[in-house]
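Asks: Spelled out from the first residue to the last, the chains are:
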Amino acid sequence: MVPRYEYGGDEFIFVELAEEMSLEVNFQAMAITKQLKEDNVPGIVDICPSNASYMIRFKPEEIHPDDLISKLKELEKTVSLEGFEIKSRIVDMPILFEDPWTHETVMNNRDRHQDPNSTDLEYAARINGFDSKEDLIQAITDYPYIASMIGFVPGLPWCYQMVPREQQIEVPKYVRPRTFTSERAFGFGGAFAVIYPVQGAGGYQLFGTAAAPIFENEQRLHDFKDSMTFPRQGDLLRFRSITMDEYKKIRKEVEDGTFRYLIKEFTFTPQQVLENPKAFSDDVLGRLYA
Amino acid sequence: MIKVKNPGLQTTVQDYGRIGYYDVGMPPSGAMDKYSYTVGNLLVGNDENAASLEITYMGPTLEFQQDAFIAVTGGEIPPKINGEAVPMWETHSIKAGDELSFDFVKKGARVYLAVAGGVDVPVIMDSRSTYTLCGVGGMEGRALQAGDELKIGNDKKQEVKEGTSLPEEYRLDFSGDNEIRVILGLCSYRLTEESKKRFFEREWSVTTEANRVGYRFKGERLHFVEREQPFGAGSNASNVVDLGYPIGSIQVPDGVEPIALLNDAVTGGGYVTICTIISTDLDKMAQVKTNEKVRFVSVDIEEALQARKEYRDTVEKVRQFVAQ
Numbered sequence: 001m002v003p004r005y006e007y008g009g010d011e012f013i014f015v016e017l018a019e020e021m022s023l024e025v026n027f028q029a030m031a032i033t034k035q036l037k038e039d040n041v042p043g044i045v046d047i048c049p050s051n052a053s054y055m056i057r058f059k060p061e062e063i064h065p066d067d068l069i070s071k072l073k074e075l076e077k078t079v080s081l082e083g084f085e086i087k088s089r090i091v092d093m094p095i096l097f098e099d100p101w102t103h104e105t106v107m108n109n110r111d112r113h114q115d116p117n118s119t120d121l122e123y124a125a126r127i128n129g130f131d132s133k134e135d136l137i138q139a140i141t142d143y144p145y146i147a148s149m150i151g152f153v154p155g156l157p158w159c160y161q162m163v164p165r166e167q168q169i170e171v172p173k174y175v176r177p178r179t180f181t182s183e184r185a186f187g188f189g190g191a192f193a194v195i196y197p198v199q200g201a202g203g204y205q206l207f208g209t210a211a212a213p214i215f216e217n218e219q220r221l222h223d224f225k226d227s228m229t230f231p232r233q234g235d236l237l238r239f240r241s242i243t244m245d246e247y248k249k250i251r252k253e254v255e256d257g258t259f260r261y262l263i264k265e266f267t268f269t270p271q272q273v274l275e276n277p278k279a280f281s282d283d284v285l286g287r288l289y290a
Numbered sequence: 001m002i003k004v005k006n007p008g009l010q011t012t013v014q015d016y017g018r019i020g021y022y023d024v025g026m027p028p029s030g031a032m033d034k035y036s037y038t039v040g041n042l043l044v045g046n047d048e049n050a051a052s053l054e055i056t057y058m059g060p061t062l063e064f065q066q067d068a069f070i071a072v073t074g075g076e077i078p079p080k081i082n083g084e085a086v087p088m089w090e091t092h093s094i095k096a097g098d099e100l101s102f103d104f105v106k107k108g109a110r111v112y113l114a115v116a117g118g119v120d121v122p123v124i125m126d127s128r129s130t131y132t133l134c135g136v137g138g139m140e141g142r143a144l145q146a147g148d149e150l151k152i153g154n155d156k157k158q159e160v161k162e163g164t165s166l167p168e169e170y171r172l173d174f175s176g177d178n179e180i181r182v183i184l185g186l187c188s189y190r191l192t193e194e195s196k197k198r199f200f201e202r203e204w205s206v207t208t209e210a211n212r213v214g215y216r217f218k219g220e221r222l223h224f225v226e227r228e229q230p231f232g233a234g235s236n237a238s239n240v241v242d243l244g245y246p247i248g249s250i251q252v253p254d255g256v257e258p259i260a261l262l263n264d265a266v267t268g269g270g271y272v273t274i275c276t277i278i279s280t281d282l283d284k285m286a287q288v289k290t291n292e293k294v295r296f297v298s299v300d301i302e303e304a305l306q307a308r309k310e311y312r313d314t315v316e317k318v319r320q321f322v323a324q
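Taken in order, these protein sequences are the chains called A and B. Sequential numbering of the first sequence, starting at 1, is according to the numbering used here. Sequential numbering of the second sequence, starting at 1, is according to the numbering used here.
To be clear, the hints were calculated from the coordinates, so they are not data collected in a lab. Treat the hints with caution; some may be incorrect.
To be verified - Heads up, simulated SDA-like pairs for lysine to any residue below, C-alpha to C-alpha not over 25 angstroms straight-line:
hint, chain 1, residue 1, chain 2, residue 2
1, B, K309, A, R110
2, A, K59, B, D47
3, A, K133, A, R110
4, A, K59, B, M1
5, B, K309, B, G176
6, A, K278, B, P230
7, A, K59, B, P230
8, A, K225, B, G141
9, B, K197, A, P60
10, B, K196, B, E226
11, A, K59, B, G176
12, A, K59, B, Q65
13, B, K196, A, E20
14, B, K107, B, R295
15, A, K37, A, F224
16, B, K317, A, P60
For clarity, every value in this text was computed on a predicted model and none was experimentally measured.
Construct all of the structure, not just a fragment, from the sequences and the given hints.
Replies: See the structure below:
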């Protein structure tokens, strides 16, 4: 499609590069917004890349919205994925699937769900053609995800799995959004996995709970020294299924202030991913646990 | 120090906002009615980003433990010093031991209490604004509670004479209809032509869900153009591949009730956004109460920029008036 350039009132420009999600278009949004950042255009307040679109907040006294649109259209033409490098981190994200906390929320909200007679995991497994919920968990944890967008609330990562389209898991959101979702809930909606940083409303299917925080306003833990939020766009996240024992051990480390994420710095190019997602994913996992 | 004897319904510390962190999902927070907030600071000679108290519907009772200059601006929630009514939009001197309280709300929804020097709470990510959802900024990340003690800061630029009273023409005017100007766009292509028309034709009433996060409106169901949902969006016709939400954008989950996203709103998500309230009219929105009716008016970018210019000219005139 031809990208849409839209005014978001007098302070935002919203650019929809594509209506559907793909790794290509996510990389394109990343590349355009990175170039815009480097160009230091006066009057720009926020540069927010998202999944298949991006958004700019600006001061119209310093740059007329139409001049900004012209600049963005020019970037659309000139920025290419050739030679575009993503400075990233590979991170191990321990998840307790079918945990008691999200299970309680799931059971309390059956009236808001497509299928009141099964759990979110059972429902998602069935509509994605898996024989069991264990097979679905396996598919989620077998290949890493890219944090394709950050937002909703501070630090929430939208995560898109680096596998070919036909292998992507896709689920609807709740029929009516919940008013309650527990902190660190691991959810799935559309083609995206998320971790809810704080307790709040939400409409994604709930599969489990992350053991470690992704938002910490007190900034006690090592990984939060520079920012209250942990995930960054472009991070490569591997969701790893853990037992209740490991979950408790990590919770204790978090409380003691000693917890640190397993992180490996890694720079990659979109071509590496797009040419062979499976080989790329295997390489990522190899580096993470080397 | 200012001692909080009764916090009121929801009183929070707010400044101009936490600007520049939208990309990590941090909303700006900040005063919802920027005009009233700014004028309040001008009336007490403050730096224009000094923190004030934003008071909603029911005012607090505050005991001043030191002499101070104050001004109350915004909706009509009439202030009283030691039980005596005092005018809004005016610089008052308040003495140590005096008590500031408020009468019932008459017009609007929010007033701002500016104190010369500003309310001093820790600056977090360049701002003192309270974002209660994540416990960031303000008084321990929350609304005020009885027993809190607020420090007065040093964000003062100049002296303003006691009794400086803002001319009527620069005060809020509640005589007209609640017309909120928006720029149609974002994903408005998803709405049917008929629904786009109906959105602007009818009145929408503000539901009980109307707060710093957003305002939800009741009216009629809006309809979407039929399509096969794009990959990754989710199955509902109001779903899109999750994208960024501008401040002031209006979304319509499932087409049922439009929601205007305001200062503490989510920064992105998977619902169709159809238009954005222009920045000057966000102030107006902040003074609308539950059960009141609003009408949305479509303007183009040039009209929005013109409104913005007029707004800035008015603030400049107030600045000059106070400096006289």
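Asks: May I ask which of the numbered hints given earlier this structure violates, with the numbers listed in increasing order?
Replies: 1, 4, 7, 9, 11 and 12
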